[in-house]
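Chemist: Chain residues, written in single-letter form:
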Amino acid sequence: MESEVVEAELVLPTHLSFKKVQMYEKYPKGQSRGRHWKHLKQILQAENLQNYPPDEPNYVNIESPPSMHPSMKICDITGLEAPYHDPRTNLRYANTEVFKQIRALPNEYVQRYLALRNAAVVLK
Amino acid sequence: MPFISQIQRQSDYAYFPSETPIVIDNGASYFRIGWAGENDPRVIFRNIVQRPRHKATGETVTIVGDHDPALLRYFDCTRSGPRSAFDNNVVYQFEIMEYILDFGFDRLGANGSQIDHPVLITECVCNPVHSRSKMSELLFETYGVPSVAFGVDAAFSYKYNQRHGICYEDGLAICPGFNTTHVIPFIAGEPVYKGCTRTNIGGYHVTDYLKQLLSLKYPHHMARFTWEKVEDLKMEHCYIAPTYASETRLFQEIDPTFVPKSEAEASQQGSEVPKSRPLTQEDFKIVLGIERFRCPEVLFNPNLVGIGQAGVDEMAGVSIRRLPEKDEELEKRLTSSILMTGGSCLYPGMCERLEAGIRMIRPCGTPIKVVRALDPILDAWRGASAYAAAVQSPQQTFTRMDYFEKGEDWIRGYKFRYNL
Chain F
1 MESEVVEAEL VLPTHLSFKK VQMYEKYPKG QSRGRHWKHL KQILQAENLQ NYPPDEPNYV
61 NIESPPSMHP SMKICDITGL EAPYHDPRTN LRYANTEVFK QIRALPNEYV QRYLALRNAA
121 VVLK
Chain W
1 MPFISQIQRQ SDYAYFPSET PIVIDNGASY FRIGWAGEND PRVIFRNIVQ RPRHKATGET
61 VTIVGDHDPA LLRYFDCTRS GPRSAFDNNV VYQFEIMEYI LDFGFDRLGA NGSQIDHPVL
121 ITECVCNPVH SRSKMSELLF ETYGVPSVAF GVDAAFSYKY NQRHGICYED GLAICPGFNT
181 THVIPFIAGE PVYKGCTRTN IGGYHVTDYL KQLLSLKYPH HMARFTWEKV EDLKMEHCYI
241 APTYASETRL FQEIDPTFVP KSEAEASQQG SEVPKSRPLT QEDFKIVLGI ERFRCPEVLF
301 NPNLVGIGQA GVDEMAGVSI RRLPEKDEEL EKRLTSSILM TGGSCLYPGM CERLEAGIRM
361 IRPCGTPIKV VRALDPILDA WRGASAYAAA VQSPQQTFTR MDYFEKGEDW IRGYKFRYNL
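Protein chains in written order, with this note's numbering: chain F, 1 to 124; chain W, 1 to 420.
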């Protein structure tokens, strides 16, 4: 290990005195490192929330409802207010200069702008 | 850079008697650990882990927190990006959590055969039982901690500010965090989780939005826009406009062809810069105009990034609606003591915008007062530290025996009492 790395103590030591079980004992090398931890969706499913009264607060029912305000439409490229919508690319734009730019954009950029808004079509 | 990591190894671990609790603020952005009763956490670092391969020896090592990128050139980081133990705001990857706790305890100066101090650790609101029980298991089994208590960071922050007179017994805590934003009503000093709401938008989404916008605008600089650099840009330049429409009009009036305010940022050599002509300084400037307030606007309008939930101002109204009793006086008291805490509330202009937004949805003439916490980032830790130092805290903790005897249902019902 290079001296400056050792000096900076960048690396976590493998043996720590205050631990009862060390990492290398718990997760032996060679086994797939991506230990199959449950993701949030699986954790929530496993909780069986339908067995409990619905008015008791739990992780799922404290989520906010969808917004009641009318959605704010801003231009995807410039960020100004955008009353117009391009049917071919599905982007919103503010004025004619922006429209010219949109029509000149390659498809990759169009999809990335749409993905910002979560409006891109994802083909699975 | 306002956020600074402190990872100096502390040398006074032995001076603390074993009744002194260790207080951990386990946040999705930063991990803060320190001793109860103190004013500041001893060790602060970013809550991420990287496992690169050392180039010379070939062994895989673990690096916790953010480090000087110059030192990382000895490691092959291509296959290991920084990983976080969190999914939304819930801890799910306990292997990574273990690395982080290792590092935190090690830098606190721990020695001896186990951690002999009670631990107070923060968790998210209504943490799923699986996460809470796995966390207790980790602390009890691997570190030998005698007793553990869990609390919500926003609640600790609110109580800390209440004791300093910033907010009152009945009020709302608005906590825009890293991945999520919570609004929690407080009645008689205790959080009422029935009225709590959570939107899955936070500082991470704002930074990510800014990063995508900049890399779309400057495609040949794309490689230089690392997440950390964009976060720095966000902290330096972003603000919240009083109303989005009026600010955009301001931009249009300055020059009809829309020339945004320029903020010059010189970056180093980019490799994807067009090679057909000699590079001028113009190529290395980026201009941040309307993005300055377009990005934090996401907190108030999550629809801008496609998340179909209410924004921060609307959440306050939802939260009040969700309370079990309908009491006008109570609602007036709640809106006259609104506390903003959490790292993502540091944008200039947020207080006024929030006040205007809440005024729109409450009945005319209700008193509304929005204040920012004394220190939105560290107050959660400070509140937790004050709690841990209090005499009554042994009643809130549960020990290893409790964990094994009482089982999962009891853990589900575990609730921290915030009134001393």
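Quick caveat, the hints were computed from the structure, so don't treat them as lab data. Given the structure is predicted, the values throughout are model-derived calculations rather than measurements. Where is the CB? At the ideal position from N, CA and C, for every residue including glycine. It is possible that some hints are incorrect.
Pairwise CB distance ranges, derived in the manner of DEER restraints [as the list claims (entries may be wrong)]: (1) F:R117 / W:G81: 49 to 59 Å; (2) W:S11 / F:H36: 49 to 59 Å; (3) W:E405 / F:E7: 23 to 33 Å; (4) W:K332 / F:K124: 43 to 53 Å; (5) F:V122 / W:I361: 30 to 40 Å; (6) F:R88 / W:I361: 29 to 39 Å.
A few chain W residues facing chain F, derived, Cβ under 10 Å [as the list claims (entries may be wrong)]: (7) T60; (8) P128; (9) S215; (10) T248.
Chemist: Does each hint hold? Answer for all of them.
Modeler: Against the structure, the hints come out as follows:
A hinted range of 49 to 59 Å is violated for the C-beta pair F:R117 and W:G81, which are about 25 Å apart. For the hinted restraint 49 to 59 Å between W:S11 and F:H36, the CB-CB distance of approximately 40 Å leaves it violated. Between W:E405 and F:E7, the C-beta spacing of about 48 Å breaks the proposed range 23 to 33 Å. Here the CB-CB span from W:K332 to F:K124 is close to 50 Å, well matched to the stated 43 to 53 Å.
The beta-carbon spacing between F:V122 and W:I361, approximately 35 Å, falls within the hinted interval of 30 to 40 Å. At roughly 38 Å, the beta-carbon separation of F:R88 and W:I361 lies within the given 29 to 39 Å, and the hint holds. Using the Cβ-Cβ criterion of 10 Å, the hint placing W:T60 at the interface with chain F is satisfied: the shortest such distance is roughly 8 Å. Given hint, W:P128 at the interface with chain F, holds; its Cβ is 5 Å from that chain's nearest Cβ, closer than 10 Å.
Against a cut-off of 10 Å between C-beta atoms, the interface hint on W:S215 holds, since the closest Cβ of chain F lies about 9 Å away. Checking W:T248 against chain F: minimum C-beta separation of about 5 Å stays under 10 Å; hint holds.
Checked against the numbered hints listed earlier, the structure breaks hints 1, 2 and 3; every other hint is satisfied.
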